[in-house]
Each structure stands twice: as structure tokens, then as C-alpha cells.
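First to last, the protein sequences are chains L and G. Using this note's numbering, you'd call the opening residue of the first sequence number 1 and step up by one each time. Using this note's numbering, you'd call the opening residue of the second sequence number 1 and step up by one each time.
Think of the hints as simulated: they come from the structure by calculation, not from any bench. A few of these clues could be false.
Stated by the list, open to error - Stretch-level coverage of chain L by chain G, calculated; a stretch enters the list once three of its residues show a Cβ under 8 Å from a Cβ in chain G: (1) 30-44; (2) 143-152.
Claimed, not checked - Among the chain G residues that face chain L by a calculated CB cut under 7 Å, a handful are: (3) Glu37; (4) Phe38; (5) Met86; (6) Leu87; (7) Ala90; (8) Met150.
Claimed, not checked - Per label pair, the in silico range of CB-to-CB distance: (9) G:Ser111 - L:Gly152: 51 to 59 Å; (10) L:Asp33 - G:Asn55: 24 to 32 Å; (11) G:Glu93 - L:Gln32: 16 to 24 Å.
For each residue, glycine too, the CB sits at the ideal point set by N, CA and C.
Protein chains: 2
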Amino acid sequence: MIIGIDPGLTRCGFAVLEAGEVVEIGVFSTRQDDLQEFRLLEQHNNLRRLLTKFNGADCLAIERPFLTRHNPDTAFGTAQVAGIAMLLAAEREIPVQLYTPPQVKLAVTGSGAAKKDQVAVAVSKLVDLHDLPKVADATDALAVALTASMRGGATQGVNSGSKQTSTQTEAQKLWKDALRAQNNGNLRQI
Amino acid sequence: MIIGIDPGLTRCGFAVLEAGEVVEIGVFSTRQDDLQEFRLLEQHNNLRRLLTKFNGADCLAIERPFLTRHNPDTAFGTAQVAGIAMLLAAEREIPVQLYTPPQVKLAVTGSGAAKKDQVAVAVSKLVDLHDLPKVADATDALAVALTASMRGGATQGVNSGSKQTSTQTEAQKLWKDALRAQNNGNLRQI
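Whenever a hint applies, use it, and build me the whole structure from the sequences.
See below:
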């Protein structure tokens, strides 16, 4: 099972892919006129519920935010929501994969320079989704999940259900061992 | 009581100011060769312990990260740790204040263009700190806490101890009422 996230403070897309099928897809929204700390807490609570519901996920795939000079405030909010998703995954020992937008476009359309609507059409064919999600962020989250699936970011199409199964990849095992070692001894105290 | 934070993934400075005295100061560090999600989780756990220890704080003052083209990776990590601090404060109903580096320099030295060592010297005089912290990030966190104290970001020099006292500012009351309303009803479900 793979959870895909297109991070954002105003709209955070999510999609859950299991054995090639979409089992959950949507967008978590916050109000732009709320204080930023409220909105971060709200997206944290939304993502926490999602990860708790799909706790056996093999991978959390996140679209890596891009830094531009033109949208510093948006970029920071996006980076912050991505960071929150990452720490929630680390808490649950779910391996994280980050993909840049060109990597996602290349994986689902065959071209790193594909347009938004080309990505949406390609995604709908890949998962046999008749009704495209109306919000682009949801489609983008699904595209990221598909990218992880195709690039082997997680055990493809397998819902492990528990944390210790023979279907874990070698990378996942190493990741979880490292996390366990850190949680057991190396956290610094105040 | 004011908690000041100079956010960073590798080094996150913190300082706690109470009635004009420094009651806690230091730096939370993470290893650069660990995975980013581990480091975010580690800084999250460090900051959570700090905010739990000083749960009656009137304000969490954070140095606002600056976006530059030259350090995109550092800027993202910094933004993410700032975001984590903000959501931990929101969870605990501690009001958040963000200050830019020039605002902090102006508040503690009288010049928005002051150098790092001028800030350190000014800070040490303001709080009668004989031994300057050896790590700049700790001094910077103290400077942010002092800025909040001087600019009225929190009830100055008062340790409220509880969440409902007559020493709360009007802004703090409004902030907490808004947060309570949000927590009570408006969180969107999956």
C-alpha cells in the first residue's frame, strides 16, 4: 500500500493506492485567513488521521516542493506541510520517498515536461479511474503514489498489514532498523 | 514566560525567558548524515519536550526563516522545523510570534543591520548573562525571546502558570478563543 501526498497548506492532496487500485483520494483544505499555526495544526491532524487509518502502508510518497523566488510564502507553507507528513511517517516507521515534479511527470506520462492535463489523463488510465478527481491536487497526489509504485519505492501492490513481513524490500528493512536504533538510544535529552 | 526559537534542522537554538531571567538555553542538534525524516522527528521530539516542560509559556517567539536561492535545502529544513514548532505551540494554545532577523537585530541592538557579535553582546547585557552561550544559535534564540518581550508579544516578565489568568493580553485571549472554537468543531474529517 502506498500513500501519495501533494503537500500544501491551502490544499494538500492525498491518494492511497493498494494493489493497483485507488482506495482513498481527496484534498485536505484550510482557510487562507486563519493563522498559519492553526492551519499547520489542522493539516497535521488531517495527515495523522490518514496515516493512522492506513497504518500498514509500505511507503509515503511526497512531491518534493520546489523553491522559487516568486512564491516564498507558498513555498514555505508547502515545505512545512511536507515536513509534517515526513515526521508523521517517521513516527510510524513508514518509509518516505520524495519525488520532484519532473520525476513524477516522467514516471506517469513518459515525459518530464508533460502538462497538468496530460498527467491527469495518464493517471486516470494507469489506475482505470473513470471519474477524474475534480481537484488537481488529488490527481497530483495519485501521480506521486503511482511514481513510487512504478519506481519501486515500496513493495508494489502488496498490503503488508504488519510491520514485519517477508514482503519488505531490503531498503525498507534497513530504514526501519535505523529508525529503531535511533528511537532506542540516541535521542538527545534536554 | 517566553520561549524563543532559532529554528534549524542541524541546530535549533532555544531560550526560555522568565521575569527577565534566562531559565533555560541551549541548542538541539541532529546529524547531517541521518535521513531528513528522522531529523525532523528528532527536532519535533526535542521541541515537544521543551514545550511540555514550559507549558505555561505566554508566547513562542520564532525567528522567521528567510528564503534565498543560495541555500534552498537549508531554507526548507529551517522552514520545516519552524513549522513543527508552530504546530506544537498551537496544540498547546501557546500564542506564536514570528520575527524577521532585522526585526530581532533592531529590537536588541537598535540597528536592523547589526552584526552577529553585536547582537550577542547586546543580548548578554539585556539579560545580565555573564557567560555567553558558545553556540550562536542559542544566542539568537535568546535574542528572539527578548524581541518578543520588548515588543509586547507576550505578557512581559509574567509567568502566568495557567492558561486563564488576568495577565493575558487581549490578543492572546482572542487567539486562544479562536483555537478553541476550531478544535471544538471545525476540523475537517477525512
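Check your understanding: Would the hint on G:Ala90 stand, with a C-beta cut-off of 7 Å toward chain L?
Key -> 4 Å, holds
Point to revise | Closest C-beta approach of G:Met150 to chain L relative to 7 Å, hint status | key: 22 Å, violated
Exercise for review: Starting from the hint 24 to 32 Å, judge whether the C-beta atoms of L:Asp33 and G:Asn55 obey it.
Suggested key: 28 Å, holds
Practice item. Check the following: the C-beta atoms of G:Ser111 and L:Gly152 are separated by a distance inside 51 to 59 Å. Key: About 55 Å separates the Cβ atoms of G:Ser111 and L:Gly152, which means 51 to 59 Å holds.
Exercise for review: Could you check if G:Phe38 really has its C-beta closer than 7 Å to a C-beta on chain L?
Suggested key: Result: holds, 6 Å to nearest chain L Cβ.
Point to revise | Hint check, G:Met86 versus chain L [nearest Cβ-Cβ separation less than 7 Å] | key: 4 Å, holds
Check your understanding: With a Cβ-Cβ cutoff of 8 Å, does the stretch 30-44 of chain L contain at least three residues near chain G?
Key -> holds (count 9)
Point to revise | Outcome, coverage of the stretch 143-152 of chain L by chain G - at least 3 residues whose beta-carbon is closer than 8 Å to one in that chain | key: violated (count 0)
Check your understanding: Should the hint that G:Leu87 touches chain L count as held when the rule is a Cβ pair under 7 Å?
Key -> Holds: closest Cβ of chain L sits about 4 Å from G:Leu87, inside 7 Å.
Check your understanding: Measuring from the C-beta of G:Glu37 to each C-beta in chain L, is the shortest one below 7 Å?
Key -> Where the cut-off is 7 Å and the nearest Cβ of chain L is about 4 Å from G:Glu37, the hint holds.
Point to revise | C-beta pair G:Glu93, L:Gln32: status relative to the range 16 to 24 Å that was hinted | key: 22 Å, holds
The structure is inconsistent with the numbered hints 2 and 8, although it conforms to all the rest.
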